[in-house]
Amino acid sequence: MSQRLVNWFKFASPASFYPLAGKMWPWFAAIGTVLAAAGLWISFFVAPTDFQQGEGYRIIFIHVPASWMSMFIYCVMAFWAAIGITFNTRLSGMMSSALAPTGALFAFLSLWTGALWGKPMWGAWWVWDARLTSELILFFLYIGYIALTAAIDDPRRADKAGAIISLVGVVNVPIIYFSVKWWNTLHQGASVSLTKAPSMAATMLWGMLIMALAFWMYSIAIALYRVRAIILERERHTAWVAELPEMQR
Amino acid sequence: MNAFIAIVRRDLLLAARRKSEVLTALFFFMIVVSLFPLGIGPETAMLRRIAPGVLWVAALLAAMLSLNRLFAADHQDGTLEQMSLSPTPLALLVSGKVLAHWLTSGLPLVLLAPVLGLQFDLSPRALGVLMISLLLGTPVLSLVGAIGAALTLGVRGGGVLLSLLVLPLYIPALIFGAGAVEADVAGLGAGGHLSLLGALLALGVFFAPWAATAALRIALE
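Protein sequence lines correspond, in order, to chains A and B. Taking our numbering, I'd label the letters of the first sequence as residues 1 to 249. Taking our numbering, I'd label the letters of the second sequence as residues 1001 to 1221.
One or more of the hints may lead you astray.
Partial pick of chain B residues on the chain A-facing surface, computed with a CB cut under 10 angstroms [claimed, not checked]:
| no. | residue |
| --- | --- |
| 1 | A1150 |
| 2 | I1171 |
| 3 | A1211 |
Think of the hints as simulated: they come from the structure by calculation, not from any bench. Glycine included, every Cβ here is placed at the ideal spot set by N, Cα and C.
Using the sequences provided together with the hints, build the complete structure.
The following block contains the structure:
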């Protein structure tokens, strides 16, 4: 058991994680591409037209997974932040900052596609509904994290400060969500929930789940790719980076 | 506990010697509130409707303005490092500084709000609720703001960055604070909103000094 534990901690070092991430990201990228192709095929050609919303509903195949990912990535960021603060590992902070742009991207994508969906369905690009507003605030939290870590020159201090703000944020996200929810709500109820049977056709659900998986794979691949770049940037003075074959060229 | 009282008295004394900083934030609050009727028009029905929101947003911005000076001066002259080395827990000292900050920036807003509320033709009852909501809400602003102030200590472009970090976290206080007055005016009773504000305050008092201390230790490394 202790042997296994040692093996896991081995990858907490940037020097040993760098080649591992290099081996892993192409696989995740490939699986993500295949899943995205399958998911898009289902969502455009297999899933039936919705009898109420027409063809316009198909945007949920992007919109819902993007919203899920934007929320989930924030939790993963906070998880790495907590690990980084507890164990004082350098890689955790790098993971957090590698995830933040992807999370912000998904939050933005979710707002954007939501606006495109809202115009034909609600007749407005934007309404001050609880879930839209909390997604917008989540986007602001991502921007705050990115701005704070970018403003601090010392990367170690930037990581720690970012860790604190993301932990404060993750405590606040439920508070913000419920305060906004009680403030105003108009959004249609969640179409997929864990407690009750989903209120949509099985093919639609499959399309959405496959797209969600594709977004997962994309996020993992891009985070690993970005963390490799961050490792190279921060460790450029070390001997092991100088010995890398890609640095020899 | 002596150290706590000492630090509150020290910060209040410092604020009393530099009155302009406190007064600037107060006048900022008054000017922002007075701008809204000029921009929107003087219809009393409309003003009465927007009053709670306007007063609360102005209070948020005024609290933000004064956050910069919460730790900056002590950081520059090295007092903060001495505090972190003292036998008293730093979190307690930070709580003292936050309390002093609230007494100099939050409490004046609470006292000034009814006067500004009169400009918006709020009823005496609504003014009372507004005061209570500000009384419960402005300490939350100081507490959450302290985390942001500690994180941006000595960072490039600290002021703007601070607003970017802190304003999203202020949203629950804004919603419940302004909501309390609106609910009362609508005849629904402000009890629920005020209780939630109180809950936010309790959470803030418990967690915020702790998080701000962790952030300060990073800045002092």
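*Any hints this thing doesn't respect? Which numbers, in order?*
As far as the earlier hints go, not one is violated by this structure.
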